[in-house]
Structure formats: C-alpha cells, structure tokens
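Protein chains: 4
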Amino acid sequence: MNSNSYGKLFSISTWGESHGGGIGVVVDGCPPKLPITEAEIQFELDRRRPGQSDITTPRKETDAVSIVSGTYNGKTIGTPIAMYVPNSDHRPEAYAEMKEKFRPSHADYTYQIKYGIKNHEGGGRSSARETVGRVAAGAIAKKILKLAGAVKIRSYVKRIKDIEANLSNDFPSLEAVEANPVRCPDPESAERMIKLIKDVRSQGDSVGGIIETRVRNLPVGLGEPVFDRLEADLAKGMLSLPATKGFEVGSGFSGTFLQGSEHNDLFENKDGKIGTKTNNSGGVQGGISNGEELIFRVAFKPTATILQPQQTVDTDGNETELKGRGRHDPCVLPRAVPIVEAMTALVLVDHWMRQSAQNKTFSFEE
Amino acid sequence: MNSNSYGKLFSISTWGESHGGGIGVVVDGCPPKLPITEAEIQFELDRRRPGQSDITTPRKETDAVSIVSGTYNGKTIGTPIAMYVPNSDHRPEAYAEMKEKFRPSHADYTYQIKYGIKNHEGGGRSSARETVGRVAAGAIAKKILKLAGAVKIRSYVKRIKDIEANLSNDFPSLEAVEANPVRCPDPESAERMIKLIKDVRSQGDSVGGIIETRVRNLPVGLGEPVFDRLEADLAKGMLSLPATKGFEVGSGFSGTFLQGSEHNDLFENKDGKIGTKTNNSGGVQGGISNGEELIFRVAFKPTATILQPQQTVDTDGNETELKGRGRHDPCVLPRAVPIVEAMTALVLVDHWMRQSAQNKTFSFEE
Amino acid sequence: MNSNSYGKLFSISTWGESHGGGIGVVVDGCPPKLPITEAEIQFELDRRRPGQSDITTPRKETDAVSIVSGTYNGKTIGTPIAMYVPNSDHRPEAYAEMKEKFRPSHADYTYQIKYGIKNHEGGGRSSARETVGRVAAGAIAKKILKLAGAVKIRSYVKRIKDIEANLSNDFPSLEAVEANPVRCPDPESAERMIKLIKDVRSQGDSVGGIIETRVRNLPVGLGEPVFDRLEADLAKGMLSLPATKGFEVGSGFSGTFLQGSEHNDLFENKDGKIGTKTNNSGGVQGGISNGEELIFRVAFKPTATILQPQQTVDTDGNETELKGRGRHDPCVLPRAVPIVEAMTALVLVDHWMRQSAQNKTFSFEE
Amino acid sequence: MNSNSYGKLFSISTWGESHGGGIGVVVDGCPPKLPITEAEIQFELDRRRPGQSDITTPRKETDAVSIVSGTYNGKTIGTPIAMYVPNSDHRPEAYAEMKEKFRPSHADYTYQIKYGIKNHEGGGRSSARETVGRVAAGAIAKKILKLAGAVKIRSYVKRIKDIEANLSNDFPSLEAVEANPVRCPDPESAERMIKLIKDVRSQGDSVGGIIETRVRNLPVGLGEPVFDRLEADLAKGMLSLPATKGFEVGSGFSGTFLQGSEHNDLFENKDGKIGTKTNNSGGVQGGISNGEELIFRVAFKPTATILQPQQTVDTDGNETELKGRGRHDPCVLPRAVPIVEAMTALVLVDHWMRQSAQNKTFSFEE
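Chains as they are written, first to last, in this note's numbering: chain E, 6 to 371; chain R, 6 to 371; chain A, 6 to 371; chain X, 6 to 371.
Here chain E stands alone, though its shape is the one from the complex:
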C-alpha cells in the first residue's frame, strides 16, 4: 500500500491538490447495504469548510461532494466508493513568491528536495486541503460505527495557546461543540479563545493548541498486538494530519509524574460488567480497547503561514525575506475538530473489521 492510502480492510486512497481541479477519495472495503447519503457526508465537510466563520480562512469553497460510484438507491453495494469535491476558489497568484522562496516551517523545501519538481501554485499534497478526502471517507466510517453500536466520537478544542477549557467529566454533546465557532464545549473559555484568535490574526500571527477526543460505546477487543495496537494506529493517524506535533492517550505525558500505585486502573464490577475505577489507561490496555472511554489528545502547532515578513532562503540558497500574504487560518484547530473525528472513525472501523476477521470468522468452541 502506498502513502496516499490508509487502512487494511476499510481503506481509503486520497488524491488531489490544493491548486488543481479538485480533491477526491476512493473508499475500498466498505461493507454493502450501508445507508449513506451525500447529505450526511456534506454535513461533515461543512464543518471543515473554509470560510465557515470569522475566525477561519476567508477562502470561499462550497466543498460540495458528489458520490461518483459505489452506491445504489442510497446504499453501498460493496464496490469502491469514489467521492469528488471540486476546488473553486484557488488563487495561484497568491503563491507567486513560493516559486522562488521557501516558506518557513512549510513543506516547500522538503518536497523540492524529495521530488525535484513541484507545482508552485499551492501547497500541493501537504496542504490541509487534502483532508477533504479523509473527512468524506470518515463520514462513512462514522455512519458505520453509529449503526454498528451507537459508537459516539466527540472531538473538541481543549486548549488554544494558554487558554484551557474548563470541562466536566460529562461527555460533551455535538450541540455544545458546535455552539461556537472555535468548537470548545466550555462557552466561557470559547469566548476568550475566539478573542485571542482575532487578536493574533490582527497581528498577522497565529496560534495552536490541543484537541481532545473521547469515544463512547466501543466494544472490548479492538486493537491488534504487537505493532498495530489501537493507540499506535491512532497515533499514526493523528500525526499524519498537517500541523500536528504530539499525541497522548489517557494519562499521557502528565501520567509520568505519578507512581504505579496511583496510576494503575483498579478493576471493579460495575453492575455486572467489568470496568475500571479510574481511566489513566484511556480505554486501551495492551493495545486493545477495554470498554472504558477511549480518550486521547493531539497537539497542533501554530499555523506556519503568517502575515509578518520572515527571513528565508530562495531556491538558489540565497538568504532573502518572504512577505506574508494570502488567506490563511490564524488557528487551525476549529476546522481540525471534524478532521480528527474523521481520522478516528477510519482507524476504529478498520480495527473493528480486523478484530472480526481473526476472531469471529471461525468458531472453534468446544
């Protein structure tokens, strides 16, 4: 499998660049008879769409999706599902300077050395525009999870720069997340985050932060030892998203300050069901889901594109200055929330099918 594809059994192949005719994805391995509509997919795409609020990039894209193959009368038929989203508001002139100068903390330089050729009219495959395909495919994966077991995936902004949401242990509702453009279910913090984002934008600057994801109703048993542990595949999925710098599950980095006697999750009988008193494990033990809430966090760096002038070098290696211009998100997190959810769903469906294949295909009980 090549690097534009993900998934062993429920697999996707994305294609398209920020500057070409459009973006697409082919989903292979989707079970037949799944009811799915373009509207369900469009719902998720609208959540990641540029220009959706006054704290995102003003690039205007309707991101209207078409299902080109793989369904019939609103149901999947077991064949590859091709989906396509045209680009409509690309402005190559905004990238004129890129032809000669490497943008700091972008992929311009590494792509140039790796491939020796590029379309300088945009970020190409390193642009977050590539994630359109993941979100479209993820909408299908989410539908499967919903029908298969009422599995709920909820991502939300937990921190922007140093403003951290004040959240209870309750599972946040979709409504609470969508209630504000920054997608933080704590309204008071959300307001401060929005103000911060507007402030840094007015400085021509950018900020990052942390997105947290919680998953409920996951069955016990997803995840494959040794290399394909559930958290390993989630880590890979998350670090494959643009602008991510870190991943942690359960207690994560802060759990390293505890001792084992504090950190261990003691088992208990919860009304006839085995569970744990605490959840430092974050829902996975030995790489396998244990029925507790799956919880993980992803660090997103401040957007690399800023409007301030920056020192850089040109393609001949001469030092020069790059004047910031173009449209960008001063903070990627609000639009990254549906992307993280989509990637989570893709990982989970693939693992669910793998678990079933090995452990449910044949039954050798006495």
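Warning: the hint list may mix true and false statements.
Each pair may be met inside one copy or between any two copies, as identical chains are not told apart.
As the list claims (entries may be wrong) - Each computed DSS-like pair below joins lysine-lysine, with the alpha-carbon atoms no more than 30 Å apart: (1) 166 x 203; (2) 275 x 104; (3) 328 x 275; (4) 275 x 200; (5) 365 x 38; (6) 65 x 166; (7) 282 x 104; (8) 282 x 157; (9) 166 x 328; (10) 278 x 104; (11) 278 x 365; (12) 365 x 80; (13) 365 x 200; (14) 328 x 203; (15) 157 x 365; (16) 365 x 151; (17) 38 x 157; (18) 104 x 65; (19) 104 x 80; (20) 151 x 278; (21) 278 x 80; (22) 200 x 38; (23) 38 x 166.
The hints are simulated quantities; they were obtained by calculation from the structure and are not laboratory data.
Use these hints to put chains R, A and X onto chain E, whose structure you have.
Coordinates of chains R, A and X only, in the frame set by chain E:
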C-alpha cells in the same frame, strides 16, 4: 501484513512469548552484502537484558542470540534473516494468581476478551519480552544506517517522574548514556534518578518518565506524504512499545504555547547548505526529513506490576484482591532506551528504502 | 491493501462500474518528472474502446480520459495521479431481465450471494469496463518502461478457437498487430479469425482463444523470491482479468511433455553476455528475470453473453429461460490485447521499483 | 509485506535455506482456540519428505517439526505460531561445482545477478526445501477448513509426461491418492508412471507433468473483485511454487476451443439449491466461488537437476561443462502434491477471513 509484522520494504515479523521456549524475529528485505555479526546484535540485546543492573528486574536471562538463516560468512545474502533468543529464567509459578485474577493496567483482561483463551503462565505477547525481536532486528537496521551515511541514533532518559535531566544542546555520546545504569547522560540527575527508583522499589511501587531521541546525519527527503509521514510512522512505532502513553516531535506539546512568529523555523544558508535557525519542527517538515536533527520524546507510564496489594476482579467478575509478587522493573525506562533506538532505526531504514524506490529507481531528468 | 488496488510501490486503485457515471483510477507511487500526456493515455484507451471495429461490441463510448491530478506542465510531480473516463452510452434497459434472472457464467449469482445487494443495471465491477482504469494506468507504466530501458511489451492474438496464427520468432511490430481488427500479426490467419468471429456472431454465439505476450529488453533481476516471483505476479495479474481461465510462461503446459535434458535452457556466452540457447524458461528462472525474452500466454474463454436463449434460474431459485439481448463482443480477445499489455506493464514497473529498493538503495561493496 | 510472506489476514512468513541449520515459518493471524498438534503437521510434512519412496530423492531428512510458540495445551492462542524443521542431511560438497558454474534452468545465475552474493552450498531460497514452511502452515489452514465446513482439498497427479490418468468424476479419496508413491488415484496409470520415472532416472534424466486439485464444500462468496479474484490468488500461489510453468482453472486452455453456447454453465435448481449443470467455470464466477467444485491444474516442468553433462558458463562467462551429480527427484510431482494442497489451503483460509471481514462484521439489513 499482520499485526506482528512491521515495515513495508525492510520488514520484521516477531514471534514468541515471555513464557514459551523463546523469542524470535524474521527480517525480510534486508539488502545483501551487509556485514553483520552476532556480536553486534548481542551488544544491543545486552543493553536491554534483564538483570543488567541493580535497578532492573532480577530475572536472569542471558538473551544469547543466534542468527539461524540469511547470512553467509558474516554477510547478508538477501534472504530472510531469522534470529532466535531462548528463554531461560521463566518462572510460571509466579503467575499462578493470574489464572483467576486480572492484573490492573495489564493486558490480562483485554486479551481474555479478545481471544477467549490464554496461556496464563506469563504476559504473552503483551510482555516487554517481545521487544527482544525488535532490538535484534534494530541492530541490523542501525548497522545499515551507520554504513549508509554515518547516521547516529541516540536515545536517553530525559526525565524520571519529576527529576529532569539538565542537558546541553550537544549530541550525547553513547559513552555518556551508558555511563550509568539509568541511561541519563546528565550524571548528577542520573544519581538522583537511581536513588528515586530504588526508593519506589523499596515501597513496592514504580515510576515512569520520558525518553528523548535525537538522530543526526539523516538525509533530506525521508518520509512519504500523506499517511506515511515520517513522524506518523515514528509515532506508531513508539506507541506500539509496551507502557508508552505519548509521543511528541520537535516542540511537541509545549510548542502549542507559542505563536507562529515564535515557532516558525526560519531558513538560513549554513555555509552553503540550507538549514533552519531553530528546530521546533524537530527535523521534519510536511512529514519529510529536512536535514536538521530529528528529535522526539516518548512518555512511559509507571510499571503496572507493583508489589502492593491491589483491588481487582477475577475471571468470574467477582471483586477480589491481588497480592503483588514476582520480579519486575520498578522503572522500565533504562531498559527501554535501546528498544526506542531499535524501533527508530527500523522506521528510518524502511523509509530510506521507500524514498529510494520511488525517487531513485528511474531518472527522467532532461 | 484492498481488492480494487494493485501494486506494492507503483500501485493503482480502480473504481467505477459499467452503469454509473464513469470509471476512474488513482495511480500512487509514480516517480516524479515523468513526461506524460493525456494523448499517450488516450492512445491505449482507443485500442480497448468499444465500437472500434465491426468485430467488437457496438456500444459507443469515446472513453475520453482526463488527468485530474498529479501532473504539472506535462510531467508527474510525485503525487497521486487521478484519471477519469465518463460512461456515455450505458443502456440500463438492456439489463432489465438481470434484475430477476442470473446470466449463465456471469458474476450475477456470486455477487448476489456475496454482497446481498446490487445495482442490476449492468455488470458492475465484474464488467470488463473496469479495465479502462488499468489501461490508463498501464499507459503510464509503459511510458516508464520505455524511458527506463526501451522495454517493449507486445501482446497479440495467437489463437481464436482453433485458428492458430503462424508466427516466426521475430518480435512482432506494433504495426503488424494493429494492421487488422483482430490484432493477430499473421495477416492470413487474422482474416480467417475475423470471418470466424463474424460467423459465430451471426449465430448469436461467441468464441475465445489465446493471447501471447512477449517482452524485450527487460533487465536481469526483476522478481522477488519466494511468493512474489515474477511469473507468480504475472499469473495473478492475468487471472485477475475478466474471462481468463489459464496462464502459462515459457514452455508452459506443453513443456511437461519434454524430459529435463530437452527442456533445460543451456547457458552460453552471447558476444560477452550470458544468455541461454533456448528459452523454455520464458525469461524467468527461480522467479527472477534472466534477460531473455519474457514470454507468456493467457487463455480467454468464449464470451459468456450470447444471444441464444439459455436455461437459468431466477433470484427465487425457479428455473426459467433467459433470452439473449444487448450489445456484446462475440470475442473479447481483440480488445483484450491492450489490457494484457497494460497489466504486464503494471507488474513490471512495480517489480523494477522493488528490485531497486532492496538491492540499490544501499551499497555495501568492499 | 515482503516477498517471503503470503496472506493478508492469515499470513505466513517462511525463512531458511536448503543448506543452513533449518527451515521455519511464522503463521500470523491464526484464529484462537483451534485445536492443532505437531502430529497433524508432521502428517503433511511426511507426505513431502525426501526419501519417502524409491522414486524420490534419496536425501534423508526426517523433517521433524516443532511448534515453538503460539499454542498452549494443544490449542492456538491467537499469537504468532512459529514452527521449525532442522536440516539434517545437507551435503555442501555436492554443490562444489556450483561455486563457479551456473546450473542450467536453475536460479543460480539470476540470484547471482540480483544479489551479487550467495551461499554456494545449496539452492538457497530457490530450493524446493523452502516449501517445508508452506506445508507446515498449510496443515493449520487445512485443519481450519475442515472444522469450519468440512472443506476437502484433494490434489493428485493427473499426468506424468504423456501418461495421463484415467479418472472418473468421483472425488478421489485420500487413500486412493496415497495408495501409490506417485500419488495418482488411477492405479493402472500410476504403475506406468512409476516405471517411467524409474526409467528416466536410470538415464540421468527427469520428467514433469500436471497436478490437478479439487475442492469440495467451499461456501459461495470467497474471492474479492477486482484484483484479488479467487483464481488470481490461486494462480499466484501456484506459480510461486518451484518448477511450475502454468495454471488453469475449470475448462482452462482447452475451453478456448468451445463456443459460448457450449461453454456456459447453465443454472439449475438442485433440490432447492442453485447450482450449475456443467462446471467449465471450475467453481469460480467473476472471481468468486459459486459453490460448485473448485477445480484447477498446475503444470510442473521436468526437474532441472539431471545427471547428464550439460553445457553452461562459469561466473566469468566462460563456456564450460557441468557434470551432473548429487541427489535429486527425477520427477517433483509426487512430493509436490501435498505442497499444492497446502498452498491451496493458505489461499482459501485467507479469502474466507477477508470475505467475513467485509461482509459479516457489520449487518445493515432492514
């Protein structure tokens, strides 16, 4: 590819359990004519060997490796390299209680639900003993990297619980890392860490911490967009190691407190070579190595096995108590250092071969 | 990797059905800087196009291809190449009877049982229309092979039913193959084949036959022991084409009538180059190309769609009769010639990249 | 996945050479709780063992297998199953001439060019000794198929050179196949085959032929469109076996002499079950099993090793003569019968798990 295998072109398949006859690994795709000896592999295995110091488990294993196939007269011949390490000091009686009771924060419960059967005489595949195979294969990968471009991988303990090493920006020498049993190149902090580990062990407790890894002399261009970004595959490799809870590259989680203008790595001309002034990117941009030092950190939780009594449930779901016993590492980090290095080498060699396959096989220059 | 994808390093994913909006393919892993135009791809698609002569199906499809992503200014840039061919002359009414009755020797029944749902308006993924994607991707692979080493792939009709071409050992020219609509480079036999095909069509019947493929200028060393021998991957590629029933390489089935002393290919020195006197091996030894001409044959069954009434059962299992109707090829071989060439090119490029990855990435010579 | 591995969900990795310490295989993805013993595996290994009769090689190998991991108390536990068979009667001196001279129609030359290094003490990975691993793994796959649905795989010799077995349509019993050393269930032909083999051996020569395989009780639905059709994967599996030159399913090459009206398999209602009157399809339609008997044939060339002197070249390219010596099978087919059965079982179990994963994991019925 199944879950006990890793790598697309330089691939390994590990087998064996903590309680069986031994542990093995098959390396497929290793280039021919690589000079490699059992001694070079044994050197790395000795670094992860139980019983190597007074702060590790007292389990006595010589971990003597045999190369069973794939080499001739000290060189690889392009065929699969099978390696085998027998278990010698396994004590199944230490696991008697496990037959009926689930150990907290271990994989006992999830494995039981997933597979419905187990060998209760040990941790099986979830035991860190499985990493013997990775370290043996990693020794081959390290040799390739060394000969291919003097690539140096250095992992070391950066923090144990709340004791953080005080490190300069100099690349730590292997000697500095190996100078003390905790594998922290800051001797003063190392001493305090060792004392802490001994203290928690005397309480029947355990601690975790952070291992940092730095890689020098990596060529520009390793890593494949979109899903197989270098940091994505490193994240997967690290989170596939037992007891890990988090991964971060470059500025990681703390970088999210910066603004873009502070975080961006400005390009400069370093004596005719393009480089960056800072390295918040951690050596990867757009998922591709940029020639700067690759740097990442991994969080390890406190060891789950502790000697204090803990509440748990038995296989029938009844609440009960588990009395701690057996031999264990009060802190896994010292022995995890060579494991992290090995996994890093496996990821890098595989990506090097992929980069070469796509971009070097054919030349279409004008 | 899922079942609509092929290739480890040069990989393709095809999508689309005979009855939907169109057919597409995504090529991943294509090296950058390859010059490629839509015209070059269209040339191959025109060779497999319906309605190209009076011995093929009268379905009218222009099969006009668009390159949607992955190239810039006529060159590949290392990103996925998406290509799309719309369906224009689909007639769902021709398939009305299929809704209730299984067509003999078609995939209707097996797909129904496997998926439990279908679009009854056409053959779906089992239709040969799916091969549009392979031919488009194969055109790119052929271009690579041509530039990389003047590799020539020539497929042609060797036998239709019992009419066998009378061919010399000379490598047939493309012109000779394309000189007649049946694509047999022996003009006299071609004439008789064409007459036979017209005769069986007038009876509402169909015929099959054998396509032979020869490849020149292949380097020594392609093919990977043990499971991915070159002939194993060619066999898989060919048997994955619709209507194929057999594959043989070199001496094939008839070679089993010889004794070892007759069958062995003796080595000789051909003007300073090691070669073999005979070529019963067909260009592969131990699964690896040996520099001699690669030669193999593929058996195609007579087209399953015929215009005579046939006994069958309906979806309830009742016996009934199916009246033949619709447009079809009375013989698939003429249009299968470019498909076989395309599939051959896809196998060869992938193996070339694999050979390079393992054996050329690193050099450990003394 | 690399070239010494096979299978997507039920996967095997083989290792070891004819001349090293032994041969092994690791099976990954085997479902847990399968009862399996070393005796069941040994039964199949004994069928392929050298020296088992007076028409095979006199090399003496007990081929005694050990299960080293993956089972507990006679059952699989879901972890990798490692198996090992030591080499005991290797005679490197028999290969002394190979150091300098390429054996005709062997892999000596291609391996030398591909890898640039070799162990000249035997055939290495191109030796049929490699198939020990497949037969051991295949024994597990056969056990799964037997328990899952009483699936029976029966391979047998159909033709040796020009002596073809006279067989009825009855499914041959294992006893009938094992009743004679040539493994042909027609006793009269078997006797003539045995005489032929002894005759060619006395001439220092060799013969080939055809093995036919029939599979009963396979469920409808195995095989994945487009590239992983059941017959495509069987073709690959068979052509990956040493000495094979061809594969055909159902009517195969001879079916190309029929017209569609003769070749089509008409559906009928067989006591409430949908079936076909004839079986030219060989049990697969559209790449998917249709519930009829799966039937295919494999062509094996005459053994390349013969005892007559042959012209060849040495490693410097000088023409020379190779004097035949060493122990060899004058005809590989009798020992290849269990190998073909094993490879068939490996293909079928993997496809069964894939079919289950995609179509049984989730249920979306109204």
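Checked hints:
no., hint, result
1, 166 x 203, "within (13 Å within a copy, 38 Å between copies)"
2, 275 x 104, "between (61 Å within a copy, 21 Å between copies)"
3, 328 x 275, "between (60 Å within a copy, 22 Å between copies)"
4, 275 x 200, "neither (43 Å within a copy, 40 Å between copies)"
5, 365 x 38, "both (20 Å within a copy, 11 Å between copies)"
6, 65 x 166, "within (27 Å within a copy, 48 Å between copies)"
7, 282 x 104, "between (57 Å within a copy, 22 Å between copies)"
8, 282 x 157, "within (21 Å within a copy, 44 Å between copies)"
9, 166 x 328, "within (25 Å within a copy, 44 Å between copies)"
10, 278 x 104, "between (61 Å within a copy, 19 Å between copies)"
11, 278 x 365, "both (22 Å within a copy, 26 Å between copies)"
12, 365 x 80, "both (25 Å within a copy, 16 Å between copies)"
13, 365 x 200, "neither (52 Å within a copy, 49 Å between copies)"
14, 328 x 203, "within (21 Å within a copy, 56 Å between copies)"
15, 157 x 365, "both (23 Å within a copy, 22 Å between copies)"
16, 365 x 151, "both (20 Å within a copy, 17 Å between copies)"
17, 38 x 157, "within (21 Å within a copy, 32 Å between copies)"
18, 104 x 65, "within (24 Å within a copy, 44 Å between copies)"
19, 104 x 80, "between (45 Å within a copy, 17 Å between copies)"
20, 151 x 278, "within (22 Å within a copy, 36 Å between copies)"
21, 278 x 80, "between (36 Å within a copy, 28 Å between copies)"
22, 200 x 38, "neither (46 Å within a copy, 46 Å between copies)"
23, 38 x 166, "neither (44 Å within a copy, 41 Å between copies)"
The structure is inconsistent with the numbered hints 4, 13, 22, 23, although it conforms to all the rest.
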